[in-house]
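Trainee: With these hints in hand, go ahead and build the complete structure from the sequences.
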Amino acid sequence: MILERADAMRRLAEAIQRHAAGFLERRGIDFEIRWHSVLRTLEGEGPASVVELARKLGITHPAVHHTVQSLVAEGLVASYRDARDKRRRVLALTRFGRMRLAELADVFRDLDAECRQRFEADLEGIVDNPNSVRISIVDYEADNRLHAERFAALNREWIERYFVMEAADEAVFADPEQYVLGSGGAIVFARREDDQQLIGTCALQLHGPQLGELAKMAVTPAAQGLGAGRLLGEAVIRYARERGVRRLFLDTNSVLKPAIALYKGLGFVELQRDDVSRYARSDTYMELLLGD
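In the working numbering, the protein residues as written are 6 to 297.
Calculated from the structure, these hints are not laboratory results.
Among the hints, erroneous ones may be present.
As the list claims (entries may be wrong) - Below, in silico cross-link-like pairs of lysine to any residue (SDA-like), each with a Cα-Cα straight-line distance of 20 Å or less: (1) K262 to E292; (2) K91 to S54; (3) K269 to L236; (4) K91 to A53; (5) K61 to R39; (6) K269 to G230; (7) K262 to I164; (8) K262 to M291; (9) K61 to L44; (10) K269 to R252; (11) K61 to G33; (12) K91 to F101; (13) K269 to E119; (14) K61 to H41; (15) K269 to E30; (16) K61 to G49; (17) K269 to L295; (18) K262 to Q277; (19) K269 to A240; (20) K269 to K61; (21) K91 to V56; (22) K262 to L295; (23) K269 to Q22; (24) K91 to E79; (25) K262 to R251; (26) K269 to D115; (27) K91 to E119; (28) K91 to R121; (29) K269 to H24; (30) K269 to R251; (31) K262 to W163.
Mentor: Here you go:
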């Protein structure tokens, strides 16, 4: 169980790092997020050697050394001989480094607040859930009746909890092979490994050679907080990349705050749409640019 939690924590940390990097990039700020912990440690605790920084930060010596090289090249950190021990080199913030941190103080406060809003629920789900279980992603099998039934049932459960079923929903559930798989898309499930139950699902619908849609994501309420939604989203994004999708979009509703936070954590951004959604319940449009 502890290994599963560690794996979930690693994935969450990577998602936060990606989000933080994107946050800075969207604001045109030339700052690598990996610099932050080293700079804050030197600012708060004073000069330190690479070995001391590695110990304080809990990361490897080579990782610290690589980061420090970048910081020295940027003029944010300087390396010099310790006045008390000439054999020892220590690192300290330069005047420019202190000035840069001061300039970015408000930016980092905003970033911290945004990350708390978007990821705190995921963190609490990992730390506070004593019954944390391993979740795996499995592909939809066209000839598996259970898969067709669970794909529809999970989505009906979610939709009817907040909205009403629409004709576009019924069409997909009646023939997912035609509306999803037939165009080259994919359907995935989140499966609990302890009892093999399918607890969530999500689909990738293709709308052209480079345009895809993340659709029909649903996790049964009893399994929410286990990280299944993030795993499903990551799987669909991975399949979209494999199929050459450059632009991945989704439709959702503004009342679904946890879902929107999840999508933003995956890299999606809210945009004004230039057409009309086929779902009456949709009032929020989001996109993720996958690039090369």
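Trainee: Does each hint fit the structure? Answer for all of them.
Mentor: These are the hints, each one checked on the structure:
Proximity of K262 to E292 is assessed by CA-CA distance (about 17 Å); at most 20 Å being required, the pair is judged to hold. Annotation: proposed proximity of K91 to S54 holds, straight-line Cα distance about 13 Å (limit 20 Å). At roughly 14 Å between alpha-carbon atoms, K269 and L236 fall within 20 Å of each other, so this suggested pair holds. The straight-line distance between the Cα atoms of K91 and A53 is roughly 14 Å, inside the 20 Å bound, and the hint therefore holds.
For the hint pairing K61 with R39, the CA-to-CA distance comes to about 15 Å; that is within 20 Å, so the pair holds. Taken as a hint, the K269 and G230 pair is honoured in the structure, with Cα atoms around 17 Å apart against an allowance of 20 Å. For the given pair, K262 sits about 15 Å from I164 by alpha-carbon distance, which is consistent with the 20 Å threshold. Of the pairs offered as hints, the one joining K262 and M291 holds, with about 13 Å between alpha carbons and a cut-off of 20 Å not exceeded.
A C-alpha spacing of about 12 Å is found between K61 and L44, which places the hinted pair at or below 20 Å, so the restraint holds. Under the criterion of a C-alpha separation no larger than 20 Å, the hint pairing K269 with R252 is consistent with the structure, at around 15 Å. Restraint check: the Cα-Cα separation between K61 and G33 comes to about 30 Å, which exceeds 20 Å; the hinted pair is violated. With a C-alpha separation of about 25 Å, the suggested pair K91 and F101 falls outside the 20 Å cut-off, and the hint is violated.
For a cut-off of 20 Å, the pair hint linking K269 to E119 stands: about 10 Å separates their Cα positions. For the proposed pair K61 and H41, the alpha carbon gap of about 14 Å is at most 20 Å, so the pair holds. Restraint check for K269 and E30: satisfied, since their Cα atoms lie roughly 15 Å apart, inside the 20 Å limit. Restraint check for K61 and G49: satisfied, since their Cα atoms lie roughly 12 Å apart, inside the 20 Å limit.
Annotation: proposed proximity of K269 to L295 holds, straight-line Cα distance about 14 Å (limit 20 Å). At most 20 Å may separate the alpha-carbon atoms for a hinted pair to count; K262 and Q277 meet this at roughly 18 Å. This hinted pair checks out: K269 and A240 have alpha carbons roughly 16 Å apart, not beyond 20 Å. In summary, the hint linking K269 to K61 is not supported, as the alpha carbons are separated by about 31 Å, beyond the 20 Å threshold.
Distance hint between K91 and V56 is fulfilled; the C-alpha atoms sit about 16 Å from each other, no more than 20 Å. This hinted pair does not check out: K262 and L295 have alpha carbons roughly 24 Å apart, beyond 20 Å. With a CA separation close to 13 Å, the supplied pair K269 and Q22 stays within the 20 Å bound. In summary, the hint linking K91 to E79 is not supported, as the alpha carbons are separated by about 25 Å, beyond the 20 Å threshold.
A hinted pair counts as satisfied when its Cα atoms are at most 20 Å apart, and K262 with R251 does not qualify at roughly 26 Å. At roughly 15 Å between alpha-carbon atoms, K269 and D115 fall within 20 Å of each other, so this suggested pair holds. Proposed proximity of K91 and E119 is contradicted: the alpha carbons are some 44 Å apart, above 20 Å. Restraint check for K91 and R121: not satisfied, since their Cα atoms lie roughly 43 Å apart, outside the 20 Å limit.
Restraint check for K269 and H24: the C-alpha separation of about 8 Å stays at or below 20 Å, so the hint holds. Annotation: proposed proximity of K269 to R251 holds, straight-line Cα distance about 17 Å (limit 20 Å). This hinted pair checks out: K262 and W163 have alpha carbons roughly 14 Å apart, not beyond 20 Å.
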